[in-house]
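> The primary structure of each chain is shown beneath.
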Amino acid sequence: MAVRREKAERLADEELMPLVSRKDPEAFEVLYDRHGGAAYSLAYRIVGDRAAAEEVTQEAFISVWRSGARFDATRGSVRSWLLSVVRNRAIDFLRSKAGKAPKLDFDDESALEQRPAAERTEEEALRRETATEVRGAIGNLPGEQAKVIELAYFGGFSHSEIAEILSLPMGTVKGRMRLGLEKIRGELAEGLA
Amino acid sequence: MSGSDHTRWSEDLAAYMLGALAPGEAREFEQHLEGCERCRNEMRWFEPAVNSLSESVERREPPPGLRAALMAEVRADARAAEAEAGAEGGSLLGWIRGNFSHRGLRLAAGFASLALAIAAVAGYEIGKGGSDSEGNGGAVTLSSREHGIDVKMVRKGEGGTLHLANVHQLPPGKVLEAWVRREGTVEAVPALMVPDRKGQAETTIASMKGVDTVMVTEEPQGGSEEPTSPALVTMTVPS
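Here the protein sequences line up with chains G and Z, keeping their order. Everything in the first sequence is counted per our numbering, starting at 5 for the first residue and increasing by one. Everything in the second sequence is counted per our numbering, starting at 1131 for the first residue and increasing by one.
This is chain G alone, in the form it adopts within the complex (with noise of 0.2 Å):
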């Protein structure tokens, strides 16, 4: 017997999950609803293409109901789990259509300014001002540094491919990758401090 709407959105993620698993459908509509903005925003990011990033949102999710039980809660929060989905599908995606190059604009400060209407709760707040306190930390990054990121993350490249991409040794490009992730951790923990 599927939860009543109300009660699920009551529900934390995690207690979530199992009624997802347990085929729930109202469980998992609150779940799309708290999340299913940033898996589409994120699929978009990747495929750059609406229908595209609509298709692979739609299979992410179809994959998350049909193998609920794989999520494991020691191993982070649902919304992360599922964001790596998501990133997963449209990685494959990107790997489909051979040749397709990633996009490229961090930097499109306008475009960051946009807002869904959706979402305002106060957790979705504090996520956001997380996210903008990322897209300071990777707009402080040095280019090179960002770059490989980007590449890596979004672009669904290896480490190899990206140093062929760059003309740089496989090293230099890790070691970057390192780099990077090194300054976001630092200034995402002064900014919890």
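Since the hints were made in silico from the structure, they are not lab data. Worth double-checking, as some hints may not be accurate.
Below are the SDA-like pairs computed for lysine to any residue, each with C-alpha atoms no more than 20 Å apart in a straight line [what the hints assert, rightly or not]:
1. G/187 - Z/1181
2. Z/1282 - Z/1188
3. G/187 - Z/1141
4. G/187 - Z/1293
5. Z/1304 - G/19
6. G/151 - Z/1320
7. G/151 - Z/1149
8. G/187 - Z/1175
9. G/27 - Z/1201
10. Z/1286 - Z/1320
11. Z/1282 - Z/1333
12. G/27 - Z/1212
13. G/187 - Z/1333
14. G/27 - G/101
15. Z/1339 - Z/1329
16. G/187 - Z/1149
17. G/101 - Z/1282
18. G/151 - Z/1274
19. Z/1286 - Z/1152
20. G/151 - Z/1176
21. Z/1304 - G/186
In this text, all values refer to a predicted model and were calculated from it rather than measured experimentally.
Dock chain Z against the given chain G, drawing on the hints supplied.
Below, chain Z alone, put in the same frame as chain G:
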């Protein structure tokens, strides 16, 4: 393990977390990770930075149709699962399976999608209902709202017109196709629909005689011979 040995793994860690190691390298790193608390601790430290990358993207409002299509598929899936678990005999689901299974349908997402479309019809008929009807100068109007789409069916004489409003804009190369179930057979309505800028679309059904269900699905341009995607709209037509 010496410090210099560990340097190699330490260099790989960020690449691993960004998904930038080749599959073989990633497996090797994971094996190392099992026995290296230092790397596990480093990973925990880096996790917020990596997770935040996905939060850093420009926010975009998902198309309204995405939620509707997703939930239609999910609800149909749930109903199909319930139907699987329960008695199948005599259900509409069983009937449609019997009618469709021999046709070798060209399904966009395999048999599951068909089951979903079918189950959407079945589920709507079994439980959701939701249609109102009114008479108007010899015409009978049925209306309902499903997945945010306003559905109005105007029957006049033998024929009928299906009006849709608040329909999301379709992906390129897609159209809406209506289907009617008449005396046990599902038929395509010839006139395909493309929503206008206001999200309105309509199609004419030449004969409503014997029709008990009207359904709308998203199909490739030119239409399909059979439904290939989950139902966006289903409407039960009283006899």
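> Now tell me if each hint is right for this structure.
Hint by hint, here is what the structure shows:
A threshold of 20 Å between alpha carbons decides the hint, and for residue 187 of chain G with residue 1181 of chain Z the separation of about 14 Å falls inside it, so the pair holds. Restraint check for residue 1282 of chain Z and residue 1188 of chain Z: not satisfied, since their Cα atoms lie roughly 37 Å apart, outside the 20 Å limit. At most 20 Å may separate the alpha-carbon atoms for a hinted pair to count; residue 187 of chain G and residue 1141 of chain Z meet this at roughly 15 Å. For the hint linking residue 187 of chain G to residue 1293 of chain Z, the alpha-carbon distance of about 56 Å lies beyond 20 Å, and the restraint is violated.
The suggested pairing of residue 1304 of chain Z with residue 19 of chain G is violated, with an alpha-carbon distance near 38 Å, which exceeds 20 Å. As the CA atoms of residue 151 of chain G and residue 1320 of chain Z are separated by approximately 51 Å, the hinted pair breaks the 20 Å bound. Pair hint residue 151 of chain G plus residue 1149 of chain Z holds up; C-alpha atoms about 15 Å apart against a cutoff of 20 Å. At roughly 12 Å between alpha-carbon atoms, residue 187 of chain G and residue 1175 of chain Z fall within 20 Å of each other, so this suggested pair holds.
At most 20 Å may separate the alpha-carbon atoms for a hinted pair to count; residue 27 of chain G and residue 1201 of chain Z meet this at roughly 12 Å. As the CA atoms of residue 1286 of chain Z and residue 1320 of chain Z are separated by approximately 19 Å, the hinted pair is consistent with the 20 Å bound. Between residue 1282 of chain Z and residue 1333 of chain Z the alpha-carbon distance is near 11 Å, which keeps this suggested pair within the 20 Å criterion. Proximity of residue 27 of chain G to residue 1212 of chain Z is assessed by CA-CA distance (about 9 Å); at most 20 Å being required, the pair is judged to hold.
Taking the CA atoms of residue 187 of chain G and residue 1333 of chain Z, the gap is about 58 Å. The hint is violated against a cut of 20 Å. Distance restraint check for residue 27 of chain G and residue 101 of chain G: the Cα-Cα separation of roughly 33 Å exceeds the 20 Å cut-off, and the hinted pair is therefore not satisfied. Distance check on the hinted pair: residue 1339 of chain Z and residue 1329 of chain Z sit about 29 Å apart at the alpha-carbon level, beyond 20 Å; violated. At roughly 18 Å between alpha-carbon atoms, residue 187 of chain G and residue 1149 of chain Z fall within 20 Å of each other, so this suggested pair holds.
Only pairs whose Cα atoms come within 20 Å are accepted, and residue 101 of chain G paired with residue 1282 of chain Z is rejected, the gap being roughly 41 Å. Proposed proximity of residue 151 of chain G and residue 1274 of chain Z is contradicted: the alpha carbons are some 51 Å apart, above 20 Å. Of the supplied pair hints, the one linking residue 1286 of chain Z and residue 1152 of chain Z is violated, its CA atoms being roughly 64 Å apart against a limit of 20 Å. Between residue 151 of chain G and residue 1176 of chain Z, the direct Cα distance comes to roughly 18 Å. Compliance with the 20 Å bound is thereby established for this hinted pair.
Proposed proximity of residue 1304 of chain Z and residue 186 of chain G is contradicted: the alpha carbons are some 45 Å apart, above 20 Å.
In the structure shown, a violation is registered for the earlier hints numbered 2, 4, 5, 6, 13, 14, 15, 17, 18, 19, 21, in ascending order.
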